[in-house]
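Asker: As a plain string of letters, each chain reads:
Protein chains: 2
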Amino acid sequence: MPIELTASQALGLWHGVTLDQVRHDERDLTLRQLAILLHIYLVPPPHTVRGLAAELNVTKPVITRALDTMGEMGLVDRMRDERDRRNVVIKRTVGGALYLEKLGDLVREHGRRQSP
Amino acid sequence: MPIELTASQALGLWHGVTLDQVRHDERDLTLRQLAILLHIYLVPPPHTVRGLAAELNVTKPVITRALDTMGEMGLVDRMRDERDRRNVVIKRTVGGALYLEKLGDLVREHGRRQSP
DNA sequence: GGAAAATGGAACGCAGGCGTAACGATGTTC
DNA sequence: GAACATCGTTACGCCTGCGTTCCATTTTCC
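Line by line, the protein sequences are chains F and Y. Mind the numbering: the first sequence is residues 1 to 116 in the working numbering, read in order. Mind the numbering: the second sequence is residues 1 to 116 in the working numbering, read in order.
No lab work stands behind these hints: they were computed from the structure. Glycine included, every Cβ here is placed at the ideal spot set by N, Cα and C. Treat each hint with caution, since some may be false.
[As the list claims (entries may be wrong)] These stretches of chain F come out as covered by chain Y in the derived footprint (C-beta under 8 Å, 3 or more residues):
id, region
1, 59–73
2, 97–104
[To be verified] Restraint-style ranges between C-beta atoms, simulated for each label pair:
id, chain 1, residue 1, chain 2, residue 2, range
3, F, Ala7, Y, Glu82, 28 to 38 Å
4, Y, Arg83, F, Leu42, 28 to 38 Å
5, F, Asp68, Y, Arg23, 16 to 26 Å
6, F, Asp28, Y, Gly95, 22 to 32 Å
7, F, Lys91, Y, Gly71, 47 to 57 Å
8, F, Arg50, Y, Asn57, 33 to 43 Å
9, Y, Val43, F, Asp68, 31 to 41 Å
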């Protein structure tokens, strides 16, 4: 069932979540980094650097650097593909799942606060 | 009436909108810049640099620079407060309203695409 | 009127993301 | 097996946002 939002609800939702994110903001992900993270966790694997770059319409180094940064944060992991060793498969981590779980909760919480 | 979202819907919504934003990405606002913009347009005026800084839990120069950047983009305007000339009042613009209108549409569109 | 406080902005050096262009490693083709 | 293609990464110079600190202007308070 689709979610019907008024214009005011849509922006109010975005406002609330963004505000919370900025206020507490431990990790401070770029919009691109967040998009990559969400893509990795919500779209069925496998994910490769080239695939993500094409999917998000960005250059390859953008993906590499985002994986570097988020890898250090423990949000994501990388492994060489043993079947074609040119490829790198991007792996999910417990930390990443937790991060997105919190984000999801934040969205739901602010959704509940909206009035029509 | 509150909006009830499942965890999957919440993240799916965020994913879709973020992805669209990254893919087309004309202006490429920082998360902080977006939070400031939304705050200016959704919370009743007047807005001052100091007030916004306190509200978002960031330092003053962050607000000043964000207003510089978004001012050049035509999303926001600044005027000296004539009653207390130390203050600067932040003004909305047609460009900013249009930008947020599009963002709202994007959110609503992706909301409609979610399944429970 | 003069000291103190408040406001927004500028200056500084720093950190990190950006796109382009290369590179090494691996796989494919003939 | 030699040439070519593909993949992820690195190197480079650039740009922009960051926090701290300081400053000029304006207001408030005795």
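Asker: Each hint should be assessed against the structure and marked as holding or not.
Answerer: So, going through the hints one by one against the coordinates:
1. 59–73: The restraint on the region 59–73 of chain F is violated, since only 0 of its residues have a Cβ under 8 Å from chain Y and three are required.
2. 97–104: holds (count 4)
3. Ala7/F x Glu82/Y: 28 to 38 Å: holds, 33 Å
4. Arg83/Y x Leu42/F: 28 to 38 Å: violated, 50 Å
5. Asp68/F x Arg23/Y: 16 to 26 Å: Taking Cβ atoms as reference, aspartate 68/F and arginine 23/Y lie about 22 Å apart, which means the hint holds.
6. Asp28/F x Gly95/Y: 22 to 32 Å: holds, 27 Å
7. Lys91/F x Gly71/Y: 47 to 57 Å: Given a distance of about 42 Å, which is not inside 47 to 57 Å, the answer is violated.
8. Arg50/F x Asn57/Y: 33 to 43 Å: holds, 39 Å
9. Val43/Y x Asp68/F: 31 to 41 Å: holds, 37 Å
In summary, the structure is inconsistent with hints 1, 4, 7 from the numbered list given earlier, while agreeing with the others.
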